[in-house]
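Student: Chains A and B supply the protein sequences, listed in that same order. Just so we're aligned, residue 1 is where the first sequence starts under the numbering used here, counting upward by one. Just so we're aligned, residue 1 is where the second sequence starts under the numbering used here, counting upward by one.
Bear in mind the hints are in silico, worked out from the structure with no lab data behind them. There's no promise every hint is true.
Claimed, not checked - Derived list of chain A stretches under chain B, where covered just means 3 residues or more per stretch with a C-beta under 8 Å from a C-beta of chain B:
# : segment
1 : 13 to 21
2 : 48 to 55
3 : 83 to 95
We treat Cβ as the ideally placed atom computed from N, Cα and C, and that holds for glycine.
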Amino acid sequence: MALLDTVLSTVGKTSGVTAAALLDGVTGLSYAEYGAPEPAQDAQEIAHLAVMHLNRAGFTGELESIVVTTAAHHHVTTRVDRQGDPLLLFALVDRDRTNITWALRDLAEHTDRLLS
Amino acid sequence: MSQETPAARNIPALLAALHAEKRSGAVLVSGTPGGVIHVRDGMVVGMETPGAPGVEVLLLKSHRITEDDWTAARATGTDPARLGLELVAQGLLGARELEVIGQAALFDAAFALALTSPDGWEMTAPRPLLDTGAAIPPDRLVTENTRRIRLLSNERGATARFARDRPDPAPAARDPQRTARLSPRHRTLLTAADGRRTPRDIAFTLGRGLFAVMLDLRDLLALGLLQSPSVTLAGRPSTAPRTPLSASTATPQPSATPLPRRKP
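Can you build the whole structure from these sequences, using the hints too?
Tutor: This is how it looks when you write it as structure tokens:
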């Protein structure tokens, strides 16, 4: 198993996370996946649209995370900084099994260690 | 050394056949840009083409690795295939970062090769390759290339033309208020797009992927900060509709004075 798949498996053990993917923040290429993260296919495009619209509105910083909430899930996309183009960690979080605050805290810890 | 090449109508069909037979070797692709596809046990483990930056360019031009560290790692006499692992062992690069860069370079090379039809291909024995741990089934390369072309223009010919364009800054790019809102990545790209560089040239200059550069150029074109060369090209034949000249610019009517007559 590739190293990145191992890392994603660890993310998948986070309470409430049912699927995860590591994406390229510019191209949307999926480097590794855990579970069945179909919604991840659009996560990069959603993040890109959000940044472009925020920039147009005068926002100048970097996007940190996006949470899209549906009836059953939180779709959490977190930016992973690195030298060069950023990565995105996408996680599908079951709303019945955790709350968004815990999920964001746990995912932030994974994000910090992802490429170390 | 040449190997038996399975009969195939195109590169994806060839890679699918190699995948089914779990073959190992190198596929030499001729044409422009051409390149080498490295296959191990039917999986694509690397691609090199002049059409897109490889792992070495991505590492050095992006300043993840300095030229000195790269030269020092090579000087240890390490097998070229294990050079990436040597950089990881020396603590100069994370193992996961190497895997990300390896995959990014592989998919980018596949995209560059997919923009043109090759002149031909030949299967040879395995060739040395900087090992990054990437191993991609060929059908995923096809799916990803289809997605990339759809994102850029939905048509391979138009994407290939965009890849040959040399966009240059539009007048709006000189407005500090407009550029201040851009991400640092887009601002760097705006500086590199000077009307002389193609997206490939910019990708090699900045140590970024060809597809990533094309996506960001698309953003800058959409924002009106870059313009396509066709907008600024001087001296091309006019395609404007022919209309009668207005009265003010038309040829003057003959004056009331009669023309001189020849007298016999």
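Student: Could you tell me which of the hints above the structure violates, numbers in ascending order?
Tutor: 1
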